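Generate coordinates for the entire structure from the input sequences, incorporating the hints supplied.
Number of protein chains: 2
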Amino acid sequence: MAEGYCAGVDLGGTNIKAGLLDAEAHVLASLSVPTEVDRGRDTVVSNIITAAERVIADAGVDRSQVIGIGIGSPGPMSHRRGLIINPGNLPCMKDTPLREIMTERTGIKTTLDNDANAAAWGEFWAGAGKGVSDFLMFTLGTGVGGGVIVDGKLLRGYFENGSELGHIIVQPGGRRCSCGQLGCMEAYSSAYNLARRAEELIADGKSSQLKARIDAGEMLMAEHIVEAARRGDSVAEQVWDEACYYLGAAIVTMQHVSNPERVVLAGGMIAAGDFLLERVRKHAKALTWTLLDDLADIRFATLGNDAGFIGAAGCAWEAHRTGEW
Amino acid sequence: MAEGYCAGVDLGGTNIKAGLLDAEAHVLASLSVPTEVDRGRDTVVSNIITAAERVIADAGVDRSQVIGIGIGSPGPMSHRRGLIINPGNLPCMKDTPLREIMTERTGIKTTLDNDANAAAWGEFWAGAGKGVSDFLMFTLGTGVGGGVIVDGKLLRGYFENGSELGHIIVQPGGRRCSCGQLGCMEAYSSAYNLARRAEELIADGKSSQLKARIDAGEMLMAEHIVEAARRGDSVAEQVWDEACYYLGAAIVTMQHVSNPERVVLAGGMIAAGDFLLERVRKHAKALTWTLLDDLADIRFATLGNDAGFIGAAGCAWEAHRTGEW
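Heads up: the protein sequence lines correspond to chains A and B, in order.
If you're matching positions, the first sequence starts at 846 in this note's numbering and goes up one per residue.
If you're matching positions, the second sequence starts at 846 in this note's numbering and goes up one per residue.
Check the hints yourself; a few may be wrong.
Put simply, identical chains are the same to the list, so a pair is met inside one copy or across any two.
As the list claims (entries may be wrong) - Below, in silico cross-link-like pairs of lysine to any residue (SDA-like), each with a Cα-Cα straight-line distance of 25 angstroms or less: (1) K998 <-> R926; (2) K939 <-> L1136; (3) K975 <-> R1126; (4) K939 <-> I912; (5) K1127 <-> S1023; (6) K998 <-> I1059; (7) K1127 <-> G933; (8) K1127 <-> G1025; (9) K1130 <-> S1023; (10) K998 <-> H924; (11) K998 <-> E1169; (12) K1130 <-> Y1003; (13) K939 <-> T1135.
Simulated from the structure, these hints should not be mistaken for laboratory data.
From a predicted model like this one, the values you see are computed outputs, not experimental measurements.
Laid out in C-alpha cells, this is it:
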C-alpha cells in the first residue's frame, strides 16, 4: 500500500468541498465552504487553498506526508495544461492556470480534472464502480455529466472534451440543447430539461395537474414531474418515460462503444429511486441488440455529493501512481 | 527501432490475406489465398498457417527473427481468450481456440483480434491515422465496422464487444438492424442497407430511375444508389443523404465520447469519393455543438484492403511491445 495522503477539492459554483484521503480511499477529514464567486478570483483561489490546508490540519497529518492535491473543476478546462478555461458558473475563474497557482502557493503537487470526470473516478475508485475496470457514469443534474473509464483509465480524449455523455445525439433534429445541438440526451434526460419539456407540452394545450403550479407562477422542477408521474399524470408520465428512454438509448450506444461492465447513475435525479432505475433498465433492455448478452449492469452511485472531492483526491493518487508528476 | 518481423493475417469469409512486416510497418511480402470455408475447419486453419509461413519464406527472413503472428478474425471473438466464437461468414470456425492452435503448430507467439479493430489499428499505425493518438475508423461495407483508439490503445471493452460503431443508435425506433436493434447507424449507412432502403421507398410507390433495375430482377447495390443520386434521382438522393446524415450524427456522438483528433472512413463505400466525404463533413458540421471547436478531422483511409493484415501484424507488434506475450 502506498503511504501518505492526497487532498481532493471539488470546486463548485456555490461550495468548495474538500477532503484528505489515504491511498485506500479512506476519508480522514472533509469540509464544505462557500466558493464566494462574487468576490472574484483571488478570493476563490484563497478559499480553495484554505480548504485544502484545513483538511490536512483537521486530519492531524504532517504536511510532508501530503503527496498531492487533486481538483475537480467545471469545464471547459484542460487537464494537460492545468487550466480552467471558461466555466459557466465560475466566470471569475476564466483562463486561470490553477495547477501552477496551487503548486506555487502550497508547495504541493496539484492535478486538475473536469468535475464530472473526477466524480466518475470517485465512484470508480471508492463507490459503485469499485472492482470494475470498464465503467461509466451519468450524473443527472441540471445538465447531464459523464465520465468514462476504459481499462482502468479516464477517457479524456484528444481535445480533452471526451466523456461528455449528455451530448450523445439520441434524437436527430430533436430538442435544442444548451450546447447548440439538436436532440442531445441532456435535452430530454436532465432535471432542467425534464421540467421544460413538461411546460412545453402544457403550453401546447395538453391537460396536466402540473398546470396549477405554472398558473401559480411556480417554476416546474424535476421533483414535481416525478411526483406527478407517480400519481399517473399523463404529461408527467410521458416526459418521465422519454427521459428514461433516451437515457436507455445512450446506455445502449455506450454498450457498443466503450462496452462497460457497469453503468452508474448519479446526481439529484436519482432521488427518484426505483421509479428511475427500473424504468431505465427496462428501456435499455428493450433497446439493445439480441446478438449477445453484454448490456452493462445499471445501478446507482453510492458516494452522493462526496464523489467529487473523493474522485479529485483519487485523480491525485493516479497522477502519483502513473508518474504524471 | 525494434528488430525482427511480425506476420499479419486477415481472415475473411472468401480470402485470407497475409503479410510480413517490420516494426516500422514496412511490408516485406504479402499474398492472398482462398479461405476455402466449405472444406471445413482443418483446411481453413492449414490455409492460415500456410499463408503465414509463405510470407515469411517469400520475404527471405530467418524464422528465428519472426517475433509473432497477429490474426484479424470476424467477430464475435475474444482477444483475451484467443478464441473465435461464432463468426457469421465462417461457421466452420465456431469455438476455435485459434491462438493456441497457431502457437502450437507454428511455434510462434500469436495474438487474435477482431478484424474491424485490426483494420483500424492498421490505419492508425501505418495509414490515415499515423501520428495521431486518439482516432477512430468506420468501415462502410455490407455492414459498418468500427475501431476506436484511445490514447494509443485499442478500445476493446469489458465484454470485448466495444468499438462496434455501426450499432450506435441514431434513430430510436427506426429501421431494424440485423443485430436486432432499431435505428442503428448501420441500418442506414451501410452499403447493404442503403440499397434496401431505396427498395423500400420504391415499393412504397416513390418514383425512381432505380425501379427499372428492380423490375428487371436485379438486386440493387450501393453503387447503383450513388450513381442515381449523382444523376439527381430523388429516391437515391434521399437515401444517400440519410446515409451521410446518420454517419455524421454518429461522428458527432463519438466526438463527445472518445473525442478523437481524426475520424477515418474506410470500406467499399469510400469509392464514392468526395460525394461521400463532403456530404458527411457537411452533416457532421451542421450537427455538432457550437460550444467548442473540437470536431475531428474526417478523411478517407489509405491502406485499402491491406489494412486488415497490416493492422493484424501491428497488433502482434503491440502484443510484443506491451508485454502481453
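Hints, verified against the model:
For a Cα distance limit of 25 angstroms, the shortest separation of K998 from R926 qualifies both inside one copy, at 18 angstroms, and across copies, at 22 angstroms. Within a single copy, K939 and L1136 get their C-alpha atoms only as close as 48 angstroms, which misses the 25 angstroms cut-off; across copies the closest is 15 angstroms, which meets it. Within a single copy, K975 and R1126 get their C-alpha atoms as close as 21 angstroms, which meets the 25 angstroms cut-off; across copies the closest is 40 angstroms, which misses it. Neither within a single protomer nor between protomers do K939 and I912 lie at most 25 angstroms apart by alpha-carbon distance, with minima of 27 angstroms and 52 angstroms respectively.
In the homo-oligomer, the alpha carbons of K1127 and S1023 lie at most 25 angstroms apart only across protomers (22 angstroms), although the nearest pairing inside one protomer, at 28 angstroms, exceeds that limit. Taking identical chains as interchangeable, the C-alpha atoms of K998 and I1059 are never at most 25 angstroms apart, the minima being 45 angstroms within one chain and 51 angstroms between chains. Taking identical chains as interchangeable, the C-alpha atoms of K1127 and G933 are never at most 25 angstroms apart, the minima being 35 angstroms within one chain and 29 angstroms between chains. Proximity of K1127 and G1025 under a CA criterion of 25 angstroms is satisfied inter-copy only: 16 angstroms between copies versus 30 angstroms inside one chain copy.
In this homomeric assembly, K1130 and S1023 come within 25 angstroms of each other (Cα to Cα) only across copies, at 17 angstroms, whereas the closest approach inside a single copy is 29 angstroms. Proximity of K998 and H924 under a CA criterion of 25 angstroms is satisfied in both settings, with 14 angstroms inside one chain copy and 19 angstroms between copies. Taking identical chains as interchangeable, the C-alpha atoms of K998 and E1169 lie at most 25 angstroms apart whether they share a chain (13 angstroms) or sit on different chains (18 angstroms). For a Cα distance limit of 25 angstroms, the shortest separation of K1130 from Y1003 across copies, 18 angstroms, qualifies, whereas the shortest one inside one copy, 32 angstroms, does not.
Taking the shortest alpha-carbon separations for K939 and T1135, only the inter-copy value of 18 angstroms comes in at or below 25 angstroms, while the best intra-copy value is 47 angstroms.
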